[in-house]
Amino acid sequence: MLETLLENRFSVTAVLLFGIGFLNLLLQQNLLKKVVGFNIMDSAVFLLLASLGYIEGGAAPVVAEGTSPSLYINPIPSGLVLTGIVVSVSITAFSLALIQRIYRRYGTIELDQLRERARKEDD
Amino acid sequence: MHQYLSLPILFPVVMGLGLLVVRPARKLARSRYVMVSVVLTSLFALLGIQMAYRYGGDALVCVLVRFSASFSISLRIDGPSMVYGALAAVLWPVVTVYSLEYMEHEGHEDRFFGFWLISFGVVLGIAFAEDFLSLYFFYELLTLSTLPLVMHSMDEKARYAGRKYVLYSLSGAAFAFIGIVFLLNFGTTLDFTYGGVLDPARIAGNETTLLWVFVCAFFGFGVKAAVFPFHGWLPDASVAPTPVSALLHAAAVVKAGAFAVIRLIYYGFGPDFLRGTFAQTIVMAAAAVTIVYGSARALRTPHLKRRLAFSTVSNLSYILFALTLMSPAGLTGALTHMVYHAVIKITLFCCAGSIIVGSGREYVYELEGLGQRMPAVFGCFTVSALALIGLPPLGGFAGKWMIASAAVESLNPLAYAGIGALILSTLLTTLYLMTIVVRAWFPVGELDTAALARLRDPGPRMTVPLAALTVLGTALALASGPLIRFLWAVAHGSL
Amino acid sequence: MRPLWENLPFLSIFLAITAGILCAVLRSGKAAWRLTMLTTAVNTLLSAVLLGCLWPAGLSFVYTMGRFAAPYGNAIKAGPLQALLSAVFCAVLALALEGGKRDLFHDVSPARQPLYFTMVNMTAASLLALTYTNDVFTGYVFIEISTISACALVMARDTGPNLIATIRYLFMSLLGSGLFLLGLTLLNGVTGYLLMPSLAEAVAALAASGQYRLPLTAAVGLMIAGLGIKSAMFPFHLWLPAAHGGATTASSAILSGLVLKGYIVLLIVLMVRVFTLPLLEEMGVTNVLLIFGLLGMVAGSVSAIREHHIKRMLACSSVAQIGYIFMGLGLGLGFGTAAGLTASCFHILVHACCKPLLFCCAGRLSAVSGHHRSLRNLRGSAYRDAVAGVGFTVGALSMIGIPLFGGFVSKLYFASASLSSDKTAVVLLTIALSTVLNALYYVPAVLAIWEQPDEELRLHIQETADPAALAFDRSFTVSALILTAGVFVLGILYHPILNVINSGVSLL
Amino acid sequence: MILLLPILLPVIGGCFVFRQKNEQARDRLVLWLVGLTAALTALVCLLPVRTLQLTTIQGTMHLALANDGLARFFMVLFTGIWAPVSVFSLPYIRHAGREGQFLGFYTMTLGVLMGLCMAKNFVTLYMFFEMMTLLTLPLVLHNGTSAARRAGFRYLGYSVFGAGMALAGFFFLSYYLTTPDFCPGGALDLPRAALHRPLLIFVWFLMTVGFGAKAGMMPMQAWLPAAHPVAPAPASAVLSGVVTKGGVLAIIRVTYYTFSPAYLAGSWAQSALLALALCTVFTGSMLALREKQLKKRLAYSTVSQISYVLLGLLLLSPDGVGAALLQAVFHAVAKDTLFLAAGAIIMSTNFARVDQLRGIGKRMPVTMACFTAASLSLIGIPPMSGFVSKWYLASAALEGAPPWAGPAAVSVLIVSALLTAAYLLPVAAEGFFPGAGFIAERREVGRRMTVPMAVFSAAALVLGLFPGPLLRWTAELAARLF
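Residue numbers (the working numbering), protein chains in the order written: chain A, 10 to 132; chain B, 978 to 1472; chain C, 2 to 509; chain D, 2 to 483.
If you're looking for bench data, these hints aren't it; they were derived computationally from the structure.
In this text the structure is predicted, and so the values were computed from the model without any measurement.
Counterexamples of contact, computed for chain C against chain B with all Cβ distances above 10 Å: (1) Phe11; (2) Ser61; (3) Met66; (4) Thr277; (5) His461.
Have a look at the derived ranges for each label pair, beta carbon to beta carbon: (6) D:Gly101 with B:Gly1436: 27 to 35 Å; (7) C:Glu283 with A:Ala106: 41 to 49 Å; (8) C:Glu464 with D:Ser147: 54 to 62 Å; (9) C:Met66 with A:Ala106: 26 to 34 Å; (10) D:Arg20 with B:Arg1009: 36 to 44 Å; (11) D:Arg51 with B:Tyr1340: 48 to 56 Å; (12) B:Trp1189 with D:Pro404: 55 to 63 Å; (13) D:Gly70 with B:Gly1033: 49 to 57 Å; (14) D:Phe203 with B:Pro1177: 36 to 44 Å; (15) D:Arg443 with B:Ala1273: 55 to 63 Å; (16) A:Leu25 with C:Met66: 33 to 41 Å.
Here chain C is said to cover these stretches of chain B; the calculated rule only asks that three of the stretch's residues, wherever they fall, bring their Cβ under 8 Å from a Cβ of chain C: (17) 1108-1117; (18) 1132-1142.
Every residue, glycine too, gets a C-beta built ideally from N, C-alpha and C.
Build the full structure now, drawing on both the sequences and the hints.
Okay, here's the thing in structure tokens:
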């Protein structure tokens, strides 16, 4: 039992993190907290990716003379992580901007109150 | 030659759209336009029927739209087409003459007659449709093209009635659609084939499903034929102008429902497949119930046109009941009653319309003593009433006779019960029609003679069509021998 | 030497992105509009040409980007289906912009208009990419791009409710993409690939060997759930009405006509190319899709019946239509004939044609009624702009499924597809039921717009509506007519289109 | 073609009666029409049997007429009743008002009755039966009160429903017939019919009960007491004297000309119907006894008396049929006298209730004389004609099957005769012997009303004294049916 936990500790942690983030994104009423939840979720995924790609004792995949290719760590997940980070950063920026606009207009970032206000404003 | 059949369909549609666009300024011009279009269309239709009768239906098969190798909207005239098409083609001009006069006090004649023409074309399309796809297409189109006629007066009641009408019809079609899909996939061919198209090899094992599908489709089409419990739209639709109630809700539209059921049973699933199954029991019971229910409601309805509408509900179920006997004899009875009921009920509705125009009275209890003042109208009404009651030799009896004898031949206990329903409804019919006649001719109590004195028969342009219809009905009844022989031939698929 | 037209897919994506960037730097909205229209037209043309090259030959090709050969690197796979879809998508995009033009310049503040068109181009690019990609991770990236651009399209009409709708939309989409990403990662973990062909082999091997069954199932479930959320599959559809209903006409048209479809196309590709239908059926995924689809058909229509705000009503009906598509997917293999899949693809086209038409006409109708949106205030609006009235009627009838209109054909094919599965009864009954429900809200709407308004209401509308809006709107008329024609084409000449789809599905 | 004349002449002539505004001219027209019709009827009866086919409804189903034996018998009976009553009705109706309408329908009804007699097959019979109902409806409605309308609709409902039951029965029956036409001794396709005997027996029961409604047989007799009092006296006279006989005729046609008595004899339906008839006889008299209003009392007595006829028919034996026909004739004569007398009394004194009639004999001796004579005949006291028919009925019942029927019938006949005496004689007695100190001036009605009553009562007496020819005729008619 413990061994299994230990040998894929990364995935376990990732799943835990993902759960935390997911629940935050889903259940929080505060928009900012939702964004934070989303970030936690993403970082969980990145952790998982990175751990998947890592090979014990493997070298960084920098091609040099005389090193056997078997010992490189898989570069693809790392690439994915980088791309993913870019994506999540941009999304975060976008949502933060959006939240700011909402705050300017309504003076609150609690979703339930906002929906009340929206229903009132609606024609 | 091979596109001939598209003529009676497209010509009125085009003319109707033209009327909607042009909107002639002068009344006379409009009347001429409408009259000419209608008469020409009838002539085209009758000529086509005549040719089909002479040279057989395949002589003039016509494809309107071809979707693919197998799917197309195509026209062909066979036996039932002849009956239904001829019915529409004969009745439409007469009622048009009537409505040209009638619609003056309703207004918006351009819109009215535009859609009037269009729906004429669509009805002929239903009559001449060659396969289920075409039938379904024209069926939906009929709903849409008659909707403006139902909602003509555009007041609250009319809007409600129209909404109800279109929702009922579309929903019904949605369920009929299921049946059509099954026929497409389990049939050997899409075209109507006497005795059914089901492919024995393919249906093996799916009988129960198919029977349920049939029930589904029967009630789907039955909505237009106002079968209980889907009859609700018809009485409400009687707020429409009288010509509409007369032609559409007594002949064209509701008969389209019955016609579709004919196609479904005798040309789709096939009577042999359905006879003696639980599906037959269900639909037959529904029809029998409707027969009694309709007349009972009619007896309890004081509004004249609504009463007639309920009587239509009941009479349509005579037809459906005959159809559910799943035998050629039943089909003969159904066709017979279809013809006679159409003529008779149109006359009754037109009389009601003339009463409304002439006296503004819409309720039965307002009709005390009107007979003396409007002898022509009430004369026609009385004759038609007797015909509908089924007094031989007038029309109603022949239909009832054929239906009942078919029911006896079917040796089916439920059919025997159906005969009971028929008789009961005869009694109720007598009561709800004779109350009107008696009130009109033999008034009771104090009469507002001053008001009565002002009333007159409407002008000849209304009374002449009335008389014409009455004579037509009587003549058909007296000529029932050859007519029924023809219908018999139709019902046995030899046409 | 490989034929030249193999560059077309990449070219069109590239064009769209460049146009987006250019729009960002442009000053005036008009210029950006012209540029966007130009690019979309060109893209339509390119896709059409591609279709012309692929369909007669009946072939599809893989186009590797950069120097990395499979299993690494990044690839595009184009077949007749993709070409057809992208052609239609671009064309509809252009028409939606054309049709919503006046509203657009009325709703979006001039300063933002260039950015709006940037987002439009990004949407186009992501649509194309989602259609063409042969690489799951590219798919993910473009999912996110289209999320951002779609949110931007919603909030372009800068009102409070819109902002809130946007934020809800955004978070739902984030949930979706998060789930998709996780599923992707798990898949990558158990297979080690990202390119679809190699993934397919690996998945097949795993399925055969039966090991890693749990992660595989989890991956499939997560990815489908993610895409489902983003394409408003039944339980996750609550965000859609507000978002699509509030946006400006063109945006609503694009969003519910196209953006949703992009995700669905990706889903179809995954289902067919990577997981393969037999495996999915074995996992029972198709049944889940079917059930959610059926529920969506009903729930969407029910919520639409309760709506009086015309655009929100249309949005709700989108939920129902998406339900149709998922139902088709859920029918799955169906005794070898992927008839459900074909029907779904066809319905994607039909809906992509009808919904923009409906939204444009609705926008026009409310424009001529003083920008009122509730049906009560739209009475008789059809008489103020006949084309809009006719267009709306045609769209509605097609949605109800009258013969000669596109909707009927897809209904017919869904129904016949259901016959070759073991869930015939429930599917057919639901189709009939949802037809009834469609009639229940489309018919009153059509009647409302065609019915003569009573006097004081008419006067009220007269003085509220600004004469500029009442003036003849050429761009709208053109696009409405074209879209109407499209509906009829789909309803009458559907047979060749279905052939294309069939061969495309087989070549996926 | 000549068969059509006695039908068309009154029917078409009736339309002119409506139009005719001048009273004398109208009266003359009516008399001429009735007289001519009577003459034509006589002619038709003298002609050899011939068939006239009008139209074809479907296949072998025609509308056809024939003047066979039964038709002749009933035609003579009906015209014989009709002519005097029409003479009576002319002055009577003048005080009731709307003469044109009444006389018009009255005349047309005669034509329809002729058609009813000559109907050659069931559909024709049904047609004329319904027409008879519809044409006599205005007679019931005549006085234009809401009570009259209620009574009229009750009449309509019962008759139509009865006819409908009969029609429903015939739907089944037609499936087992060799020919749709009536032929003496029945037209059943026996081998086929033997298969479904229970069904057909039930059908017969249904049809008899249905037509029985017209003949006032229980359980559908309720329209009679309602319709008669409100109708004008001549109308009630022909209603109970003739129209009820229409029901009898229909039952004969069904039982003896479509089914065959041999096929039906001994079935449960026969016993059930016999029981019904006897029950009707008894209850009719009882109700009549308890009824205070004169015309209503007479109506109840009609109920009971017509069931004598049905009793005879249902015995399914030649003697029974003969007796039934006799009873039909005699009852018609007597009952019409009574109704006319009642009408005369109402007209001259407006007395409708029995207790008002003390000393009426002093005022209207002739009327009351006729009334008494008719009462005696109805009770069945020799030498009045009623006795003859009742005698033959009793004897037929005693030898006819089923065994229980005989004694039951006889006892019921006797009881009912006593009851009849009890509800008719007091009227006469009180009328003539009001006791001392009753002064009343003489207010007899005009000759045109007394003469018909006199004729009828004379007929009642003469037929009682010399029943020979009538007996032979009925016997010969009955014999042809077996």
